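Knowing the structure of chain E, use the given hints to seat chain S on it.
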Amino acid sequence: MDKYIPIPTVYPEKIFEIGGFVVTNSLISSWIVVSFLILIAFLIRKKFNIVPKGLQNFFEVIIEQILNFTEGMFGSRKAAEKYLPFIATIFLFVLVSNWSGLLPGVGPIGIYEEHGGHTVLVPFLRAPSSDLNFTLALAIITVLSVNVFGIAAIGFFKHAGKFLSFKSPIAFFVGILELISEVARMVSFSFRLFGNIFAGEVMLVIAAYFVPYLLPVPLLALETFVGLIQASVFAILAAVFISIAISHHGEHTEGGHV
Amino acid sequence: MELEGIKSIAAAIAIALGALGPAIGIGLLVSKALEAIGRNPEAASKIQTNMILGVAFVEAIAIYALVVALIIKFA
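Chains E and S, in that order, give the protein sequences.
The opening residue of the first sequence carries number 1 in my numbering; numbering runs sequentially from there.
The opening residue of the second sequence carries number 1 in my numbering; numbering runs sequentially from there.
Chain E on its own, in the form it takes in the complex (with noise of 0.2 Å):
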């Protein structure tokens, strides 16, 4: 079979440049996102009604049951809403990335370029969690914030105690391997989301080119699924970090609750 597949690749193919600074497709894709959601949210702001119907009846439910979860989770309803801008907006933005690379046309539509020696096809759009970049800029983003609201709620002497501490050989093991994990939650947040939804993107469009049409159904149904919960469990494992990260060393955090 000698059909050109136009498979995703790995990196982010750049669509121009300005001046040095290389705009890739997923990066056009994300601004589109955030201009989105930033319009959804004047919209809400423009006609707010006390008692809520429509647009902002909907996103109410989602910042309910999000505020709900997280108070099972911090204890206090205040701390929930302390922190429900930065989780929220971590949630909304992970999933309206996830699901803006199953739009029609996302993908699909882009120019033939010549790449050493052979034709590719380069994406005009491409789902912005796709790309390693951005969400390896969420994790990071995720865990300096989440020591920032450590130091903020407990006090930097009381956090960085966490990690070094001298009463004993164990407990100051113990801080180093806190330290590694801090490193090794970057890299399993990002490469979490990106695993799923750049294996999503190459699984679909294998699919498209195997059995057209029928195939593909199926799978945008599970894909538009796993893009909920990539963004959730995005969303519930920085909450849980935060609820860590607040707790006094040595007291037990919160069980979930609804």
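In short, the hints are calculated from the structure, not lab data.
Where hints are given, some of them may not hold.
Derived list of chain E stretches under chain S, where covered just means 3 residues or more per stretch with a C-beta under 8 Å from a C-beta of chain S [to be verified]:
#, stretch
1, 187–193
2, 228–237
One-sided excerpt, in silico: chain S residues whose CB lies under 10 Å from chain E [claimed, not checked]:
#, residue
3, L28
4, S31
5, T49
6, F57
7, E59
8, I61
9, A62
10, F74
11, A75
Predicted model only: the values in this text are computed from it and were never measured.
Heads up, the beta-carbon is just placed ideally off N, CA and C, and yes, glycines get one too.
Using the frame of chain E, we list chain S on its own:
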């Protein structure tokens, strides 16, 4: 054998073996969680939350294997 062929085989073996352990691990996790929910339906959401957390950690190991497979194949 040519390098490209060996790279493909190596990537395939990496992800195949690397996904085996986490799959069994997740199966064990979820089965115990379902058993616990069956015994104590009131604590269902607490159990479910902790189960999702555990599954995310186990799945990360499978993702590490996927990363190695991708690196072998593409770098």
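Comparing the hints with the structure gives:
Here the stretch 187–193 of chain E counts 4 residues with a CB under 8 Å from a CB of chain S, which clears the bar of 3, and the coverage holds. Only residues whose beta carbon comes within less than 8 Å of a beta carbon in chain S count, and the stretch 228–237 of chain E has 3; three or more means the coverage holds. The beta carbon of S:L28 comes no nearer than 19 Å to any beta carbon in chain E, farther than 10 Å, and the hint placing it at the interface is violated. The closest approach between the C-beta of S:S31 and any C-beta of chain E is roughly 19 Å, which is over the 10 Å cut-off, so the hint fails.
Interface hint at S:T49: satisfied, since its Cβ lies 3 Å from the closest Cβ of chain E, which is below the 10 Å cut-off. At its closest, the beta carbon of S:F57 sits 8 Å from a beta carbon of chain E; the interface hint therefore holds under the 10 Å criterion. The criterion of a C-beta within 10 Å of any C-beta in chain E is met by S:E59, whose closest approach is roughly 7 Å, and the hint holds. Given the 10 Å rule on beta carbons, the hint for S:I61 holds: about 9 Å separates it from the nearest Cβ of chain E.
Look at S:A62: its Cβ gets to within about 8 Å of chain E, closer than 10 Å, so that hint holds up. At about 5 Å, the closest approach between the beta carbon of S:F74 and any beta carbon in chain E falls short of 10 Å, and the interface hint on this residue holds. A hinted interface residue such as S:A75 counts as satisfied when its beta carbon comes closer than 10 Å to some beta carbon of chain E; here the least separation is about 9 Å, so the hint holds.
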